[in-house]
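Please model the complete structure; the sequences and the hints are all you need to start from.
There are 4 protein chains.
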Amino acid sequence: MPGMQAILEDIHSELQELEDRGKVATYIPELAKIDNRKFAIAVATISGEVFAVGDASEPFSIQSISKVFTLTLALGKLGNALWRRVGREPSGNAFNSIVQLEYEKGIPRNPFINAGAIVLSDVILAGHQPGEAIAEILRFIRSLGDDPSISIDPAVAKSETDTGFRNVALANFMRAFGNLDHPVDMTLGVYFHQCAIAMSCRQLALAGLFLANGGVNPLSNSRIISSERARRIKSLMLTCGHYDGSGDFAFRVGLPGKSGVAGGILAIVPGIASIAVWSPGLNANGNSLIGTLALERLAQGAAWNVFGV
Amino acid sequence: MPGMQAILEDIHSELQELEDRGKVATYIPELAKIDNRKFAIAVATISGEVFAVGDASEPFSIQSISKVFTLTLALGKLGNALWRRVGREPSGNAFNSIVQLEYEKGIPRNPFINAGAIVLSDVILAGHQPGEAIAEILRFIRSLGDDPSISIDPAVAKSETDTGFRNVALANFMRAFGNLDHPVDMTLGVYFHQCAIAMSCRQLALAGLFLANGGVNPLSNSRIISSERARRIKSLMLTCGHYDGSGDFAFRVGLPGKSGVAGGILAIVPGIASIAVWSPGLNANGNSLIGTLALERLAQGAAWNVFGV
Amino acid sequence: MPGMQAILEDIHSELQELEDRGKVATYIPELAKIDNRKFAIAVATISGEVFAVGDASEPFSIQSISKVFTLTLALGKLGNALWRRVGREPSGNAFNSIVQLEYEKGIPRNPFINAGAIVLSDVILAGHQPGEAIAEILRFIRSLGDDPSISIDPAVAKSETDTGFRNVALANFMRAFGNLDHPVDMTLGVYFHQCAIAMSCRQLALAGLFLANGGVNPLSNSRIISSERARRIKSLMLTCGHYDGSGDFAFRVGLPGKSGVAGGILAIVPGIASIAVWSPGLNANGNSLIGTLALERLAQGAAWNVFGV
Amino acid sequence: MPGMQAILEDIHSELQELEDRGKVATYIPELAKIDNRKFAIAVATISGEVFAVGDASEPFSIQSISKVFTLTLALGKLGNALWRRVGREPSGNAFNSIVQLEYEKGIPRNPFINAGAIVLSDVILAGHQPGEAIAEILRFIRSLGDDPSISIDPAVAKSETDTGFRNVALANFMRAFGNLDHPVDMTLGVYFHQCAIAMSCRQLALAGLFLANGGVNPLSNSRIISSERARRIKSLMLTCGHYDGSGDFAFRVGLPGKSGVAGGILAIVPGIASIAVWSPGLNANGNSLIGTLALERLAQGAAWNVFGV
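Chains as they are written, first to last, in our numbering: chain G, -6 to 302; chain E, -6 to 302; chain C, -6 to 302; chain B, -6 to 302.
Think of the hints as simulated: they come from the structure by calculation, not from any bench. These figures come from a predicted structure and were not determined experimentally. Incorrect hints may have been included.
Stated by the list, open to error - DSSO-like cross-link-like pairs, simulated, lysine-lysine; straight-line CA separation at most 30 Å:
1. G:LYS98 to B:LYS16
2. G:LYS98 to E:LYS16
3. G:LYS16 to G:LYS31
4. E:LYS151 to E:LYS26
Written out as structure tokens, the structure is:
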């Protein structure tokens, strides 16, 4: 992909200058320690190339980006029956809002808000101990990211567990409506650990490639999911992947993406590439400020946009 | 486009059999009179072909589909300053909800819910009398649809005016927050008339072609808007075009679309085609039941999906 | 009532010193012109005495206090059937919120929020022209206040009509749900004029006496309503009379009361007296700041509290 | 109090006939077992008389009525500083709604909805182990009810603990906002046990007497709280004591009252008496259907109403 490395370097050097880098999330104490000047972009193409700039080999906490992978696993287990327990609509609310859950009787609006992802964890937990479910998620991501060293940051996992009162509230609220099958502690054990998985942009870009490639991992040439399911996951990323900033992300970037509160974003260019960016500071909607800007420029520079050129 | 006519005929004959056709909207009395067995599909390609089945030459009330065209006009007048008066996020609410307007101080969530479209009418009205603004909208749509006979159904316009109390409420509520520049009666005069424009599926498919073709009307080869703006309108159609069923439409159909309460839907296949369907019965979210099914099958049959094949 | 005049004078001289007098309402331009140093208290006893301090003979706009009188009239017309169109619960929202109306399908929570009072106007309007309905309300209040010169301030009425977009929204919203019987303009004509009635504290205290005296006007010895209905109106004043500050008013003052946005409050001491206070500056809930303080001290000084001594 | 026993017997025999007795609460499984034909009324006067009919000596689960006693204790500990952690306004929502907590950042609207009462438990817990706090509450109620045998129903306490997911959600949600000082499990341990206190109508009527008697327990002649505080607790009972049916209760009964989900209601006649009723079936707002009717008739028959006679 000629010119890609130059595009990335231009974007990196330009955006690294910006003073306003957003605010690092503080509600998980361990995440608040991260240096707000970190910045990385990695692009993996379905033909096997990887382009990267900045801190692209340094692991960071993927947080909610993990929901793309657990959605893939949960759909593999439950199939379309999953949609009886989780909706497919943008929420019109913050990522950790509980209001919608009360009005809609314990059914989260989509799998990418916290409540929805807790249901995914509950689905993956079926027939397992929490440790086994966590191991399954990790194994899946290691295989996609082509690196057996990908692991969970125990300090982040502990920090989430110690301070995740709103998630405990969400889970108990859904339990009250009968939408969790396991004890809340077990389900949240899985959820908090998946959020604490640490990956570099390189690893993350590789891990997303199956979504760019019709459900087939181009590295191993193994089918992960059907092409229809890959399309549908991407549609959910586009409509719901950035919480209450999803419309804005689609408007500006034009690609399916999923953000995490530690400043990572995974974006997919159907048929072409998988992109991971990382910059810890967040905008008002809880999405990476510089990361979104970087994706906006990259999409423009490479003429990547699902809505046409 | 070989095979397209056969695909349309298959879909038409299969879906015309279905017993459950949804419910015709009754809140505008004039619309309640429509025969629920009406059904049409038209596909216009950027290379100039048109394929059609069913009642594809019979005009119907385009209702909220008109918002795609008034958004195009309003962006032409105000440019990005429009986004100070209207948001770009899915609403998480019904099309005529006023709740969000109170919480967000008179700024509608997006241009495709009623409140947002009323702001578009207010923008187009600037410097005009209502009759001139309506004429401008009609002229624009006639030119896009390549038919000077496209017109407003006066019975529908009157019915909307007589019964549109919720829209009057929305407009006054925004006026209270200073988000309308003109007297409510004038702004709503424009709004009610644009909703009452009647078009056939053939005309509507042609009228949407500029969005499929990077902002250029392929019939006249004239540029309507920049390709970037065309992409952005399509992103809004995908995330917000079906009210609180937008996520579901993106999931099932995978194309940007905009529905109207009389049972029409306009969908865009970037770089390829513009599609119009019509079947009056609606699903629970107020979108055409059979029309959505038809688009789902057509998108699958033609392998059209912005999220890849 | 020995000592009462001294109590009033103490309260007046002490509170007239206070710097923080709240904010005069500005959303009705005509009300914004009032001098924030105005301050009056009047106490009328059922035995015929009247005590007063400050600007107690100066008329001010009674605004929402008029709802007590229109509730009395509307109950006289419809009886308990009124409660099919208006609820009896505190709203938990601001006085002009429209959110609850959407969730509860056009039935206002109680007769003292704006939406509820608009329904009262609609009830009084039945069988009348707006001018006649306004005349009936005025006649009733003149008779209660024992002064045929009580009248409507035309500048305030015009100001309300010109700027009352939220009330127009509320009325149209209820019309959409079928909860108004007359054209919105006519119903609001009555509503805006009743809000613009101007009374002095002396007149207002007299006008409230029938509620203190078991439904009988002690001046004329004529029964206005049954004693049961008088109790019930007072219960609504206590639970709903101060919008989203009703609980606080009951906690601090312990008397049924109804506030108006121009800074007046009418409070009732069952079996004993009717009190009117006026100070234009409002607290965060839209109730008179100094007026509430004055009532708190007066109730304490006179040992008046429906919850016991 | 001549005639009181006859009034009670009339009410009892008449209401015991009614077919529609409301629905016994089922969300706490242990409560669902109660016989819906149970019915009792007890009236304790400040002069020392007790009148009773029906199952007035049979203990039932007082549930939320306990909040009146824990509010008294918590005010004794924190004084008015309590109002920084709990509001004093009717909620406009169901007893276990979490919506308001999100909008108002973890501050419950009043001490009588579940979230507010959990804060009270947290206040009482300060400096104690949960067992000690529970013992303190029980000691207080035994002393007020003049019966050392009053105790906690362990089966109900266990049932609440096992199924109280919504309360766990509420508590964690408030913890996330920093409005709980203790671990959620400890605070809820206190809360669930206080709700499981079992009392008869006789005991409950005695226990409420201090509120009828200006804060002084007339049995022991000991002051429990100041008369001002007693008035204020009664004002909260009137405005907030019946959840989203408080306005209706004030309208129909006209006395401060607090209901429990097991069908009990405590009502206070200031200066005269304390009333306890019990009938397990609930109305749509979660308050005893027959119990409310009984209080309505009793208040009418005895001419007891804080809004006058």
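Each hint tested on the structure:
no., hint, result
1, G:LYS98 to B:LYS16, "holds (21 Å)"
2, G:LYS98 to E:LYS16, "holds (25 Å)"
3, G:LYS16 to G:LYS31, "holds (13 Å)"
4, E:LYS151 to E:LYS26, "holds (15 Å)"
Violated hints are absent here; each numbered hint is respected by the structure.
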